[in-house]
Every structure is written in structure tokens, then in C-alpha cells.
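Residue numbers (our numbering), protein chains in the order written: chain A, 1 to 386; chain B, 1001 to 1599.
Please note that the accuracy of each hint is not assured.
[What the hints assert, rightly or not] Result set (DSS-like, lysine-lysine): computed pairs, CA atoms no more than 27 Å apart in a straight line:
id	chain 1	residue 1	chain 2	residue 2
1	B	Lys1332	A	Lys280
2	A	Lys210	B	Lys1479
3	B	Lys1070	A	Lys8
4	A	Lys218	B	Lys1479
5	B	Lys1445	B	Lys1455
6	A	Lys38	B	Lys1070
7	A	Lys286	B	Lys1332
[To be verified] Here chain A is said to cover these stretches of chain B; the calculated rule only asks that three of the stretch's residues, wherever they fall, bring their Cβ under 8 Å from a Cβ of chain A:
id	segment
8	1395-1403
9	1465-1474
10	1483-1495
These aren't lab readings, by the way, just hints derived from the structure by calculation.
Heads up, the beta-carbon is just placed ideally off N, CA and C, and yes, glycines get one too.
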Amino acid sequence: MAIRVNPKLIDEIERYGAEDVSNCYHCGNCSAVCPHSKDPFVFPRRSMRMLQMGLESKLLSSLEPWLCYYCGQCSEQCPREAEPGETMMSLRRWLTSRYDFTGISRLFYRSWKAEVVAVIVLAILTGLGFAFYGLSQGDIRVYDGPGAFLPSARVHLFDWGMAAVLTLLLAVNSVRMWWFTVGSRKDIAVPLLSYLKGVVTLPFHFFTQKRYAQCGEKGPWLLHLALMLSYVVMFTLIMFFLHEVQAGPQINWSVHAFGYAASAGLIGATILMLRGRVKKTRPGTKHSHETDWIFLVLLLYVGTTGVVQHVLHRTGFELAANVAYLAHMMGVVPMLVLEVPFGKWSHLAYRPLAMFFSELVADGLRARAGAAQQAGVPGAQPARVF
Amino acid sequence: MRIGVFLRQSGREGINYEAVANYARNLPEVELVREVNERPRPDPLALAEEIRGAGLDRIVLAADCPGRLKPAFTRAMALAGRDPTEVRLASFREHGGGGANLTERAQAIVACATRGVPFSLAAESRLMPVNRATLVIGGGVGGIQAALEIADAGQKVYLVERSGTIGGHMAMFDKTFPTLDCAACILTPKMVAVGQHECIELMTYSEVQQITGEPGAYRATILKKARRVDPKACVSCGVCAEVCPTRVPSEFDCGIAERKAVYMPFPQAVPNVYLIDETQCTYVQSGGKRCGACAKKCPKGCINLDQRDETIEVEVGNIVLAVGYDMLDASKIAAFGYGKLPNVLTSLEFERLTNASGPTGGRIVTKTRQFNKRRKVEEWVLSADGEPPRSVAIIHCVGSRDARYNSYCSRVCCMYSLKFAHLVKEKLEGAPCYEFYIDMRAFGKGYEEFAERIKAEGTFVVRGRTAAVIERDGQMYVKGEDMVHDSVVEFPVDMVILAVGLVPAAGTRRLAEMLRVPVDRDGWLQELDYNGDPTETERGGVFVAGACHAPKDIPDTVAQASAVAAGVLKSISRGKTLGSRADLDLSTIEARARTLRLA
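Model the full structure from these sequences, guided by the hints.
Shown next as C-alpha cells:
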């Protein structure tokens, strides 16, 4: 099959943050220092090569960018300062935009202004919607119980509806990811058993992020894990225990203790991450794309307003609590709607899926090599192009 | 004619780009002066539009290496319907713009380019009378060759060498590539010829302290360090070294063997006499209170431990700089473990190890742990009865082509590494030898064939740079990407040889400042014109030969040294030498560029 070459591919990826791809002269230092680079996924040099050669379809079907956690050793040791780590990061952004069928992701990654406008518009719409709804059926001076401005039962319904829509969008993108990286590959046939085996590892990867821990330094992994677990706890509280969370003004420790821990985790981790990006403490935080800032700032805003509305409610300022609640929702809705299916947050699905798919591809390659060996093809090896 | 000047800044210190741009604006016929960048790449269509809009018929690209911008502009000129050959380059770097007043030089280069006059023609200096004697600084193969060529033509040469013997790095080598000749067999006859030549006054263990004067009439002050052994009387019997109690690492053996405080660098040294290292000698260090055994035992009585340094002055017309290179300090690169892992050697150490005149008699062995009775410590030492390595890895490009160390290619490492692989294969039967390389730069006559030969001999040539040398359970491993087989490999090895890059020799910069010869950004001595005058310098009557000009192998060094000799002899036979280009001011060059254009 003929391979199409896109000579503008590097220019395209540079719009996603990569800078010095063409500096690379293929010494292979990066692939050798990378703790994750193992057969059959040897990277990042291979990805650099594909980029330089404009092999768009090969890149689209590659899982390597998702196997990289940007410890930055490759960039630190690169003799050409070609920033392979940042290239992998940019490829993740590019892949995110390619998995997304709506094209919204592509728009946001290529124009942060568009993303900011979208955030603001969505925030205003959310604010107007909730304010209109709240005022039409309740009293802004009442936080909870009868006549509440934003009754938890209604908000709950809204949450479930939003979650369903976002999950659907993300699911469609995930299926597209599967198609690009596994399904459409003609050269390998993945045994069905591999799917069954692999699917078991999905939650394991999701909750432990074990691979991130193998990067050498443990700090970034712990920070990321803390943020993720806090988010999962908060998500569970809101999706299943919103009534208890919102009830008050007494503190219900059996529920709120979780909320406090999760809030502390979310805000603390976000602040540390922002600090890392401001101070450029390690290679992974040296280059920040505009979308990274938008994501973290939104997260900090949402976390802080959430805490503020809670505190105001507990201290009896119900009107102020409702206003803060409204402000909180004006952050939550744009953040979730834009980031989960189209933005940085989508990696919550793509990362573990990539782990899963990479096992499938590896199994497929092994099966092919085995079959070739049985058929007596001399020197039968998976096709190795680069 | 309407001229457009496009200036690219490359952040070089010393050039005031603003001043160059302003100067260019005031040049006749210049209609447009603007900045241009390499990235994003200039778009020929937009440029053509600009060229048509401004009605330009000549483009001047002014930068370090402006040639990289040329294709886009040539195309733009063609697209605009102008003469595409009217894209002129004003090359700051290539035209020796490394002197004192870089801004003025850059302006002069731009002025010449706008007039379409080659800068080297406009900047020709006036002729000055020349003293027939020549000073050659550096006694490596380059200095030896230049000195011999000039002396063979019957002219007086002073050859000054910092160490106790001439021969330089080449004397340390075992074999030369690609012919696998014995290096000593080629070099020692030349060394002896220098020692015996009636036209060469050899000054070893000496340093040039000061040079004054002008092209054609330089006066050099040379410090002759006290050798403390009378070279005329010494018959190199070696009794002094036998009785000397002080042992220090031998420079000639790269520290893998020891010498005494009174020593001869190596048995074929020229002059073939001993000398005393005053920094290590007990007698000298104690102010004459202790030791002095060598002087007592010398059968010829030729040791004078109280000899003093002396300075002499010589008058010369031309000066040849052939000061060579140093090796990059490999311990700077932590990933390769040099200095920590005992069996990680630099290339020069391996040269001594595999050399038949080296400390192990040419046996390739790994280091063994021995108790040093004198210093009472366990040490890793190379001894002839050591274990031969079961496998060897050779790592190319150590500190070369690397933005963190030397961005340039050191040019000789690929070939000497291949030579090492051959020696390993020859001396260690059955031991796998891995070469980790990025690009195989086998560029010279017979080099590619040599590379093919080494591959055919069974060396594993791995395309991929080694990322790290690690030790696990007492076994060393080299880790790298094998690009051809698309996998990350880790080979167990007993010896690692680092193909360390070349850096300018210590003191090159001081010498350059003393002579007002510019150095390039990496510290190598700058030639007058990259293509046209690769042996002369900005300073009239000062020539460069060999690796002090840029990393160079032996054939190229010898060729350049001979070319230098031709330049020196030219000035002697015409009785005149060119003055310094650095002394020309802007208005002189401008005026000359005008006349050239009329002519």
C-alpha cells in the first residue's frame, strides 16, 4: 500500500507546541535513555523520524506518545536540543485533536483564543441558565431545602445529563482511537483473548498510573496520582452523594471529610502544578502550551469557588453561598464540557486505553512473528522500517 | 542599480547589527535594508512581491553563513523576473570577520557585496619587507612537516615545542588510518631529520612568551625552561631515572603508566635526552636540601639540578602556528562513567594501551586491582598480565556534535574508532566488538573502503548513540538504540573506549591574543578566508597548520603544513610579505572596492 507523505506535518505539529523537530539527527540517545522505550514500542526517536518524513497515517496509528510521561530525560540528554519530550507532548495534543470527530479539539489546540472565548461564552450561558432557573423556582437567599435557589436534586439531574453526554462524546473518540491504532491495522490480527486479558489491566492502570511511577523521579507521579484520586473522590461525591454534600449547615463528617480531603488534594496539586510550570522546575514543565494554563487555571478556579461556596453556606451566608455556587457552576460546566471530550482532560481515557491497546498490538505482532516462524519464513521479524 | 540588503542576526558578540544596518542604508544605490530570519523559512513568493515592489535588481544577504538563505532569494528573484544570479553573499564568518573590530569588518564586507566585489580582493593588504627566518610554534607532525619543508628549501627555522620532545600526538599513536601503517615508522624519521637539520634550531621544553613587531619583522621572546640535563652531554643511559625515587603518571602514556621525575618522554624522543620535571623533583621542590641522587649517579656528570630558566629572543619574518589540540575531558560526560568505571578508557589511553611501545607491550587488557604500597591504597592499574576483555564497545561522538559540549564534528573519531575495532579484532580473537555510531563519517581517500573492511571483519556496527554505560553486579553494560533493528539494546562489555572529541589546545587563546589572530566561536584559530586562504590568518605573516585550525587528521595536517611552507617560502623568495588585514580600516577597503569596480 502506498504511504502518503504530508510534507507540512512538522509545521502542523509545531502549531501544537513542538519546536525543534527538524533538529533531530537520529542518534537514538532519547530512545535509549527512555525508561519506557522497549520493544516493540521504541520511542521517541521513531516518532521524530515519522514527523520528519511526514508519515501522518503512521503517526496517527502510533501509540507511543501515550506511553510517554514526559520525565524529560530525552530532552535533557538530547545532543541536538531537539526537545523529543516536548514533541511527544505535542503529538499527544495532535492525536487528541485527531481522535475527536467534532473538530472542536483541533480548533482549541490551534487557537487558545478560541478556547478562551468558548470558556467565557459557556460560562455566561451557564450562569444565565442557572440564575434564570434558580430565580424562577426558588429564592436566592435559600441555599438548601425547600425553596432553595439551586436544589441539589435538580443539579443532580443536570450532572447526570451532562455526564451522559460527555461520556458519549469521549466514548466515540475512544472508539476512533481504537480504530486508528488497532482496528484499522491490516498487518496484525489481534487475538480475541488478548482483549479479554487486556481489559482487566485497564482499571489497574487507571487507578495506579504505575507506568508513570517508572519514570525515575517519583514526585510528578505522586502529584498526578493525588490530583487524579482527588478528582475521582470528588466526582463520586457529586455524582452519587450530592444531596448529602449540599445539605447543611451542619457538617456531616462521614461525607464531608471525603470532600475536604479531595478539595485539598485538588487545590494543592493544582497549585503545585502551576508552580512547576511557572518556575519550570523540570523538563516536563519547561514548555507550557496555552491550553495547559487554561486547564490548570480553570481547575484552580473551580476548586476554589467550590470551597468558598461551601464555607459560606456553613457560616450562614446563604445568599453569598448561592452566588459563589453560581460562580462555581460557571467554571465547572465549561471545564468539563470543553476539557473532558476535547481538551487535556481526555487523557483520562486515552492513557489507560493506550496501555490496553499497546498490549493488543504487541500481542498481534507476536502472533504474526510466531505464524511467520511456523511458516518457515527465514528471518521472520515484524516489519521494521525505521 | 537598486540594491536590497537583508541582514540576519546570529547574536554574535562584537557585531553591532544596528550599526551595520545603518551603515548599509547609507551606501549608494541601497534602497532597502531589513532584517531577515531563517525561521520561519522566508517565503519566495512574498519575497518576490517585495523585490518587485521595491524594484530591486540586486540582493545582498548579510550574515554568518548567509548561504543558507540563498535558495529562497534566488527563487524569489527569478519569480520577480530579475536576474537570479544577482544574489550576493556578505559572509561575516567566512571572510575572517573574527578580528578586533567586528562591526567595522561586517560593514566592509557588506560594502564590497553591494558593489559586487569579492571582499578578499578589496581587502588585500600592502606588502612589507620580510625577515628570512621563520618561527614554528608546536612540534607535532604539522610543525615538523612545515619546519622540514622550509628548512629543506634552505631557510632558517626556529621550532619551539612546549614538551620535552617533538612528535606531538602522532608519536603516541599505534597505527594510522586507513592504511594501518605504524605511526612511529612514519613520524620518527621526520623527527630525527628535524633534530639533525642544520637549518632548524630546535627548542624543546620551551614556550613562546611574547611576540612583538609587525608582519615580516616579528620579535619573539622564548622561555627555555631549565632542562637541568645538558642535552649535548647526555647519552640517555637512563641511570638517573633508575635512581630517581619519584614516580608520577606519564603524560606520554596518558596517565596509564608511570614515569620518574627525571625522564625521557619516550625512547624515540627528539632530542634523545633526559629532562627533569621540576614540579615533581624532590631536590628542586625542597630547595636543594634533599635527594639529588640523579646528579650524583650520572656517569657523564651532565645533570645540573640548579640550572635556571632562560629567555632568548629571535627575530623572524613569518610565524607558523601548529599547536595542535587537546582531548575533551571525558569525565564531564557523566553518562559514560569515565573516571568512575575503571575500564572506560579514552581513545588516547587506548592508543597507548594497544601500542607495542606502551605499558602493556601492546596487549589489550582490562585493569586489575592492585595495592599501591607507596600510597597505601587499592588502585586500578593496567599491567601486561591483566585479563583481556571478553568484549569491547567503542562509542563514537563523545562530546562531539553535541549542543552541550562541542557542536562541531571532531572529524577523526569515526576513523580512529574503526581502526580500534580492527586492532581489537586482530588482538582479541573471538571477542565481540561493538561500534555505536551516529553517522559514519568516512570522508577521505580510502576511508569508506576501510569502514567496509572493518564491517566485513565482524565488528558489530550499531547505528545509534550509546546513551549510558552502566555497571550491574560487577559487569559493565552499554545501552543504546539499534536503529537498524529498531530496538533498544544492552550489551555486556568489559571495556569501553570513548571516541573523545578534539578541543583547542590549552593556551591557544593566549597565543591568539598575543598575535592578534582571531579564534572562531569554538576556540580554533581562524584562517584568513575559509575557502581561499585556509593557511593564512588576519595577521600578515602568521600561518596556521594542522589541528589548531580545526580538527584534522594526519594527511590533512601534513598537507596543510606543506601549504603553509609554500606560503612562507613565497614571501621569502619575493622578499615581501602581506601586511595584516586586521590593520586595514573601513575606508581603505571601501576605496579599494570602488576602484576595483571601475577596473
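Verification of the supplied hints:
no.: 1; hint: B:Lys1332 to A:Lys280; in the structure: holds (25 Å)
no.: 2; hint: A:Lys210 to B:Lys1479; in the structure: holds (24 Å)
no.: 3; hint: B:Lys1070 to A:Lys8; in the structure: holds (21 Å)
no.: 4; hint: A:Lys218 to B:Lys1479; in the structure: holds (23 Å)
no.: 5; hint: B:Lys1445 to B:Lys1455; in the structure: holds (18 Å)
no.: 6; hint: A:Lys38 to B:Lys1070; in the structure: violated (43 Å)
no.: 7; hint: A:Lys286 to B:Lys1332; in the structure: holds (24 Å)
no.: 8; hint: 1395-1403; in the structure: holds (count 4)
no.: 9; hint: 1465-1474; in the structure: holds (count 4)
no.: 10; hint: 1483-1495; in the structure: holds (count 5)
Against the hints set out earlier in the document, a violation occurs for number 6 only.
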